[in-house]
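For chain A, the structure is supplied; the task is to place chain B on it using the hints.
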Amino acid sequence: MSDERVNSETGGAQPDREAQGEAGAGWARAGEHRTEGHPDPLAAPYREREKSVTLERVAHGAAAETAALEPETELFTLNLGPHHPATHGVLRLLCTLEGEVVREVKPIIGYVHTGIEKSMETQQYWKAITFVERMDYLAYFANAMSYCNTVETLLEEEVPKRAQYLRVIHLELNRIASHLFWLGTSALDIGAITMLWWGLRERDHVLDLFEMSTGQRMHTRYFQVGGVIDDIPPGWEQKCREFLALFPARIDQYEALLDKNEIWLQRMKNVGVVSKERLAELGVTGPLLRAAGDPWDLRKADPYSSYEDFDFKIPVGTIGDCYDRYRVRMAEMRESCKIVEQALDGLPEGPFITTNRKVALPPRHELATSMEALIHHFKLVTEGFRVPAGEAYKAVESPRGELGCYILADGSAKPARVHVRDPSFVNLQALAEMSEGGLLADMIANVAMLDPILGGIDR
Amino acid sequence: MPDAAGLELIAQRVRAAVADEAVLGTHYAHEQAMLEVAPARVREVLTYLRDEDEEPYEFLASLHGVDYLPEQPRLGVHYQLLSRARVERLGVKTRVTVEDPVVPSVVDLFPTANHQEREVYDMFGVLFDGHPDPRRILMPEDYEGHPQRRDFPIGGEPVLFTHNEHKLPRWYE
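Here the protein sequences come in this chain order: A and B.
The opening position of the first sequence corresponds to residue 2 in the working numbering, with each subsequent residue numbered one higher.
The opening position of the second sequence corresponds to residue 55 in the working numbering, with each subsequent residue numbered one higher.
The hints are simulated quantities; they were obtained by calculation from the structure and are not laboratory data.
Please note: incorrect hints may appear among the correct ones.
Using 35 Å as the maximum straight-line C-alpha spacing, the simulated DSBU-like pairs for lysine-lysine come out as follows [what the hints assert, rightly or not]:
| hint | chain 1 | residue 1 | chain 2 | residue 2 |
| --- | --- | --- | --- | --- |
| 1 | A | K314 | A | K301 |
| 2 | B | K147 | A | K128 |
| 3 | B | K147 | A | K415 |
| 4 | A | K339 | A | K240 |
| 5 | A | K128 | A | K270 |
| 6 | B | K147 | A | K119 |
| 7 | A | K261 | A | K240 |
| 8 | B | K147 | A | K270 |
| 9 | A | K415 | A | K359 |
| 10 | A | K314 | A | K359 |
| 11 | A | K107 | B | K147 |
| 12 | B | K147 | A | K359 |
| 13 | A | K128 | A | K261 |
Derived DEER-like restraints, expressed as beta-carbon distance ranges [as the list claims (entries may be wrong)]:
| hint | chain 1 | residue 1 | chain 2 | residue 2 | range |
| --- | --- | --- | --- | --- | --- |
| 14 | A | N80 | B | L123 | 34 to 42 Å |
| 15 | B | P194 | A | Q217 | 30 to 38 Å |
| 16 | A | P249 | B | A73 | 52 to 60 Å |
The beta carbon of each residue, even a glycine, is placed where N, CA and C say it ideally should be.
Only chain A is shown next, with the shape it has when bound in the complex:
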């Protein structure tokens, strides 16, 4: 079925391009089609279809057109979003409905496109961390990790073991916080409002930990090129262990609330099934792919930042419906707890950031006594460090899938190009296949379980 879909799309677009002559012209004129020429409503470009409900058309042409159709077969175009509480941001979905059955979904994005990648080209490498964290705003540590990892690759800079462990601790706590926010908002979409309060309560607990260790609750800028900005403060480990002791019991509570809830189960089970082969073709990664039974996790497959030191499992689902996606993420939170615990147990002594003064700031106390430290500090703050010319692509496993970062360095202190392969952006392509042929209400469940972060999609 999936192959037919692709073929029919290609087949539909091909004659148009040929009819318009030269290769480039078809692009500029894509929006200029007219509905009149297309007897099939789906063949019209979506911008035309969304005009279908103007008063003028109702009064003249469109009324006659729709009257000819049987009410059962009439296609109804519904615009969902961009401002809609169930779209998890400013996602706009143009749906074509037949009754209550979704026949076509077109995601329309770009409403929070802020040109972060362009802005980063004007920033020094160490200042660009601030920007990259604001892309996927629920997984800021994963963004920073992906970016710093790539810059470190270009610099061939070693990260001290302690810094790697501290990164893992924060990455996994971030995964928990991100999944909790997903759980709260998704359950809210289905109608379980308690889950929002409960989920955000524990997420706040994690953010309190971030506030204590990094100074900020969100967008912490804790990860630096070469390590982390500061060691964890005294007493933080104790607080973190308190959370880790408490949290598995809290997951039990969430599951007690949801797992036997008839409405939740009916809304989740056998909804939005896409096979793992098709998901892989669509480039989907992360919990969505694992829920379909494909145990692909970069933390295991291609470990970065010392993930090979930790003992954890990759939860996988069986058929890849919304229920599997829910179960996988719940199990991932438990695994993240284990990783943080092991990282705290095995936290090595040593520096928390590289001692290479060409990359990392010298400690504050050295500035009072060492002229050299002062010079390094001045150079780093005013000019930044230079990265030798080259290009690299590195990926990490964010809470939503493969978060890749590509950097082109031209030898100056600013990147010539940064591109972030955001998992939400790629995963969104699977929404149509999950939702088409299902009910409109199931599409809301699919969006919720897709867990898209529009800041990451639009960048």
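Chain B only, in chain A's frame:
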């Protein structure tokens, strides 16, 4: 990851299977392998690497555009291939000029490329020949210019509202 020698072997196999002029060069740096191919041959090379090569790469992890200004040809399109069975990554890049920025679309080989090719078109103006839905994706549909190009200015741009957007076409010139 294929090492420098492995990359040369891949290049050799591609040359033998597709065409001699398909591979323009190999780049190996930071333990990352990158194959540079001719724009017209991208589809054939990727088809070969996906299906026929003895070490296939079946997953397209990322597709992104680059502007190499001041180098020529300026625009680049990168395909980050991934073999999930062997956990190996291989970059394939192709470079086109601003005057003739046409690259064959690979959406039917890798459906994941759909949104990503649209993004490269949107940001760099690279035309993907045969793309099923060639529209802008992030910028407004009536936007002029391709903002990620290096010669596209940043800052000082007027804010476009509905009341002034018709007065400010091509404001960046």
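Hint-by-hint comparison with the structure:
1. This hinted pair checks out: A/K314 and A/K301 have alpha carbons roughly 9 Å apart, not beyond 35 Å.
2. Between B/K147 and A/K128 the CA atoms are separated by roughly 28 Å; this keeps the pair inside 35 Å, and the hint holds.
3. A threshold of 35 Å between alpha carbons decides the hint, and for B/K147 with A/K415 the separation of about 22 Å falls inside it, so the pair holds.
4. Between A/K339 and A/K240 the CA atoms are separated by roughly 16 Å; this keeps the pair inside 35 Å, and the hint holds.
5. This hinted pair does not check out: A/K128 and A/K270 have alpha carbons roughly 45 Å apart, beyond 35 Å.
6. At most 35 Å may separate the alpha-carbon atoms for a hinted pair to count; B/K147 and A/K119 meet this at roughly 21 Å.
7. Restraint check for A/K261 and A/K240: satisfied, since their Cα atoms lie roughly 32 Å apart, inside the 35 Å limit.
8. Annotation: proposed proximity of B/K147 to A/K270 is violated, straight-line Cα distance about 42 Å (limit 35 Å).
9. Annotation: proposed proximity of A/K415 to A/K359 holds, straight-line Cα distance about 15 Å (limit 35 Å).
10. Using a Cα cut-off of 35 Å, the hinted pair A/K314 and A/K359 is violated, with the two alpha carbons roughly 39 Å apart.
11. Under the criterion of a C-alpha separation no larger than 35 Å, the hint pairing A/K107 with B/K147 is consistent with the structure, at around 30 Å.
12. Taken as a hint, the B/K147 and A/K359 pair is honoured in the structure, with Cα atoms around 32 Å apart against an allowance of 35 Å.
13. Only pairs whose Cα atoms come within 35 Å are accepted, and A/K128 paired with A/K261 is rejected, the gap being roughly 48 Å.
14. Distance hint check: the CB atoms of A/N80 and B/L123 are about 39 Å apart, consistent with the given range 34 to 42 Å.
15. With their beta carbons about 33 Å apart, B/P194 and A/Q217 fall inside the hinted range of 30 to 38 Å.
16. About 58 Å separates the C-beta atoms of A/P249 and B/A73, a value consistent with the hinted range of 52 to 60 Å.
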